[in-house]
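A.B. asks: Sequence:
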Amino acid sequence: MELITRIKSEQIVAMKAKDKLRLGTIRLMISAIRQQEIDGQKTLTDDEVLAVIVKMVKQRRDSVSQYQSAGRDDLADVELAEISVLEEFMPQPLSDDEVDVMVKDAIAASGASSMQDMGKIMAILKPQVQGRADMGKISQLVKSNLA
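Residues in the sequence shown are numbered consecutively from 22, following our numbering.
Worth flagging that the hints you see were computed from the coordinates, not collected in a lab.
By construction, the Cβ of each residue, glycine as well, lies at the ideal position given by its N, Cα and C atoms.
A few of these clues could be false.
[As the list claims (entries may be wrong)] Taking lysine to aspartate or glutamate and the EDC-like style, the derived pairs with C-alpha atoms no more than 16 Å apart in a straight line are:
(1) Lys141 - Asp117
(2) Lys147 - Asp68
(3) Lys158 - Asp98
(4) Lys79 - Asp118
(5) Lys29 - Glu109
(6) Lys41 - Asp98
(7) Lys79 - Glu109
(8) Lys29 - Asp67
(9) Lys164 - Asp121
(10) Lys158 - Asp117
(11) Lys158 - Asp121
(12) Lys158 - Asp118
(13) Lys79 - Glu100
[Unchecked claim] Taking CB as the label site, the calculated pair distances span:
(14) Lys158 - Gln62: 26 to 36 Å
(15) Leu49 - Gly140: 28 to 38 Å
(16) Gln161 - Ala38: 39 to 49 Å
(17) Met111 - Gln161: 31 to 41 Å
(18) Gln161 - Gln113: 34 to 44 Å
(19) Ala168 - Ala38: 23 to 33 Å
(20) Ala91 - Ala130: 43 to 53 Å
(21) Gln80 - Gln161: 31 to 41 Å
(22) Lys39 - Glu108: 43 to 53 Å
(23) Asp95 - Val122: 37 to 47 Å
(24) Asp95 - Ala38: 18 to 28 Å
(25) Lys76 - Gln161: 18 to 28 Å
(26) Glu58 - Met111: 41 to 51 Å
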């Protein structure tokens, strides 16, 4: 099933269940996806929809840290609840061991030997881990393996 179709069917389920938080989060997700479609003047693929969801999760994680540092735990809790709804539409996250193996395989496959080859390695890894691991952590792991 296409990801956008699944999101829309979950919207209907949330409406019927009168789950306001879930419904609101799903509506925000659909709105962000539609905005991307309008901006790009094309229908998004599942990978592009996933990228929108990943971006939304990242924004909410940033908001949580800002709310917690400002002492607004009530707002941080709302953001955390939205993150849990968004993560339902993302693929299963990779474990640290799986990521480590993938990084080492990518380094071997690209024949990388220095930091100058980091772009090649990241180009190999990005499609494999999209939405399943934090690219910042992967970048640090690649740097430590190349050093």
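A.B. asks: Next step is simple, just say for each hint if it's right about the structure.
C.D. replies: Now the hints, each set against the structure:
Taking the CA atoms of Lys141 and Asp117, the gap is about 21 Å. The hint is violated against a cut of 16 Å. Under the criterion of a C-alpha separation no larger than 16 Å, the hint pairing Lys147 with Asp68 is consistent with the structure, at around 11 Å. A C-alpha spacing of about 25 Å is found between Lys158 and Asp98, which places the hinted pair above 16 Å, so the restraint is violated. For the hint linking Lys79 to Asp118, the alpha-carbon distance of about 22 Å lies beyond 16 Å, and the restraint is violated.
In summary, the hint linking Lys29 to Glu109 is supported, as the alpha carbons are separated by about 13 Å, within the 16 Å threshold. For the hint linking Lys41 to Asp98, the alpha-carbon distance of about 15 Å falls within 16 Å, and the restraint holds. A threshold of 16 Å between alpha carbons decides the hint, and for Lys79 with Glu109 the separation of about 15 Å falls inside it, so the pair holds. Of the supplied pair hints, the one linking Lys29 and Asp67 holds, its CA atoms being roughly 14 Å apart against a limit of 16 Å.
A hinted pair counts as satisfied when its Cα atoms are at most 16 Å apart, and Lys164 with Asp121 qualifies at roughly 12 Å. At roughly 10 Å between alpha-carbon atoms, Lys158 and Asp117 fall within 16 Å of each other, so this suggested pair holds. For the proposed pair Lys158 and Asp121, the alpha carbon gap of about 10 Å is at most 16 Å, so the pair holds. For the suggested pair Lys158 and Asp118, the alpha carbons sit about 13 Å apart, so the restraint of at most 16 Å is met.
At most 16 Å may separate the alpha-carbon atoms for a hinted pair to count; Lys79 and Glu100 meet this at roughly 11 Å. For Lys158 and Gln62, the hinted distance range of 26 to 36 Å is satisfied, since their beta carbons lie about 34 Å from each other. For Leu49 and Gly140, the Cβ-Cβ distance of about 33 Å falls inside the hinted range of 28 to 38 Å, so the restraint holds. Roughly 41 Å separates the CB atoms of Gln161 and Ala38, a value that falls within the hinted 39 to 49 Å.
Against the hinted window of 31 to 41 Å, the Cβ-Cβ separation of Met111 and Gln161 comes to about 21 Å, which falls outside the hint. Here the CB-CB span from Gln161 to Gln113 is close to 22 Å, at odds with the stated 34 to 44 Å. Restraint check, Ala168 to Ala38: a C-beta distance of roughly 51 Å breaks the suggested window 23 to 33 Å. A hinted range of 43 to 53 Å for the beta carbons of Ala91 and Ala130 is consistent with their spacing of about 45 Å.
Hint check: Gln80 to Gln161, Cβ distance near 21 Å, so the stated range 31 to 41 Å is violated. With their beta carbons about 22 Å apart, Lys39 and Glu108 fall outside the hinted range of 43 to 53 Å. Under the hint 37 to 47 Å, the C-beta atoms of Asp95 and Val122, about 41 Å apart, fit the expected range. Range check, Asp95 to Ala38: Cβ separation about 23 Å, and the 18 to 28 Å hint holds.
Between Lys76 and Gln161 the CB atoms are about 20 Å apart, so this pair conforms to the stated range of 18 to 28 Å. One distance hint, 41 to 51 Å for the beta-carbon pair Glu58 and Met111, is violated here, with the actual separation near 19 Å.
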